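Please take these sequences and the hints and turn them into a complete structure.
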Amino acid sequence: MAPSTYDEVLISGLQDLYATGRYSDLTLVCGRRSFKVHKAVLHAHSSVFRTMLSGDFAEANQSTIPLPDDSPDSLEVLLYYMYHDEYLKFDTDDYTHNFNANSPRAIVHAYAIADKYDVPGLQLLATYRLAEIVNFESHELHFAISAVRTISECTTESDSTLWDVVVPKVRKQLRWLAGDDSFLKLLREVPELNKKLLQCAAT
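The working numbering puts the first residue of the sequence shown at 82, with every later residue one more than the last.
Hints are computed from structural coordinates only; laboratory data are not their basis.
Since the structure is predicted, the reported quantities are computational estimates derived from the model, not experimental observations.
Here are the simulated DSSO-like pairs of lysine-lysine, each with C-alpha atoms no more than 30 angstroms apart in a straight line: (1) Lys-253 <-> Lys-276; (2) Lys-266 <-> Lys-250; (3) Lys-117 <-> Lys-197; (4) Lys-276 <-> Lys-197; (5) Lys-170 <-> Lys-197; (6) Lys-120 <-> Lys-197; (7) Lys-170 <-> Lys-117.
See the structure below:
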């Protein structure tokens, strides 16, 4: 069925541009991967890219911009959001490499890169997605612990958004978690979690 509303037509067109690279005027190079993108799309979504592509910066006149400090997978999630207005689908045919964008750890990385480039819409989607899937029950604990470590490593001290997602879930399972060696190791190695748990208990 053909898109009918203005928004549907716009998103459909953006999806086609991203899938085909048609009319691309910029290539982002990240690790071993290259992404053909459009300056106007980056400008519309990100104040950081908007500044980077302005006339005051060297990148403004370049057709290729290296992003060596970013993860290619996280950048993929960021760009997918810009062109699709949704979080990267796990089963999409457009992405065939071995990457699960919906793992708790990957979602935290998506939040972090959205914060870095000031893309609040993706930050919000990542927060909702993490709240949906992170689980501190025994069969999911490994993934949840990985997410907590990543939150500690990748978010700023002043940003409690993702902590506000995971800490109440930890409290709910704290009785059995207190006897789990991997969780006790996490408490020793991530003091920020201890602090957040105490703050949560005091409220």
